[in-house]
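Using numbering that gives the first Met the number 0, the first residue of the sequence shown is number 0, and each one after it goes up by one.
Honestly, the hints are just simulated from the structure, not real lab data.
The beta-carbon is built from N, C-alpha and C at its ideal position, and this holds for glycine as well.
Careful, some of the hints might be misleading.
[As the list claims (entries may be wrong)] Okay, the calculated beta carbon distance ranges per label pair:
id, residue 1, residue 2, range
1, 125, 41, 30 to 38 Å
2, 125, 74, 15 to 23 Å
3, 121, 38, 35 to 43 Å
4, 117, 45, 21 to 29 Å
5, 110, 26, 16 to 24 Å
6, 74, 110, 18 to 26 Å
7, 123, 44, 23 to 31 Å
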Amino acid sequence: MGIAHAVSHRSTCDRNHVGAVIVRDNTVLATGYNGSVRGLPHCAKTGHMMVNGHCTTTVHAEVNAIVQAARIGVAIQGGAMYVTSSPCWNCFKLIANAGITKICYGKEYGTDTALVKKYARRAGIILKRTAVLN
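Construct the complete structure from the given sequences, taking the supplied hints into account.
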């Protein structure tokens, strides 16, 4: 969890700093943090495009970690994801389809946690809240 926290400091979002790390067999496979779409200006410079309380230009840390693994050709199936905030519903669906079998998260994020917990149980994915190490 300490690595996820460290990665969160790279976030380019000035509203919330989130970091994610994917590991398997005690080996880091990929990391990600929340921020703008690659190659586009950061929200801190251009302003936030808010819809229902969320900035729609931000790519979440979990998605960026999965994308990083895909870009560098690293298989993440059977891995675990450590993320500083609980995944939203959209991120959970991507995590599940990527074959991640365990999600450890720090603080609760948004209102999707109950839904994510319900479907994690159904999908056989371990979902565990844990302390964020500084």
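Task: Consistency of beta-carbon spacing, residue 26 to residue 110, with hint 16 to 24 Å - done: Between residue 110 and residue 26, where Cβ atoms are some 34 Å apart, the hint is violated.
Open item on the list: Looking only at beta-carbon atoms, does the pair residue 117, residue 45 fall within the given range of 21 to 29 Å?
Closed with: violated (37 Å)
Task: residue 38 and residue 121 - C-beta distance against the hinted 35 to 43 Å - done: The hinted range 35 to 43 Å holds for residue 121 and residue 38, with Cβ atoms some 37 Å apart.
TODO: Could you see if the CB distance from residue 123 to residue 44 stays within 23 to 31 Å?
DONE: Since residue 123 and residue 44 have Cβ atoms about 42 Å apart, the given range 23 to 31 Å is violated.
Open item on the list: Is 30 to 38 Å respected by the C-beta to C-beta distance linking residue 125 and residue 41?
Closed with: Because 34 Å falls inside the window, the suggested range holds.
Task: Supplied distance hint 18 to 26 Å, evaluated on CB atoms of residue 74 and residue 110 - done: violated (32 Å)
- [ ] Using the beta carbons of residue 125 and residue 74, state whether their distance is inside 15 to 23 Å or not.
- [x] Distance hint for residue 125, residue 74 holds at roughly 19 Å.
Violation of the numbered hints given earlier is confined to hints 4, 5, 6 and 7; the remaining hints are satisfied by the structure.
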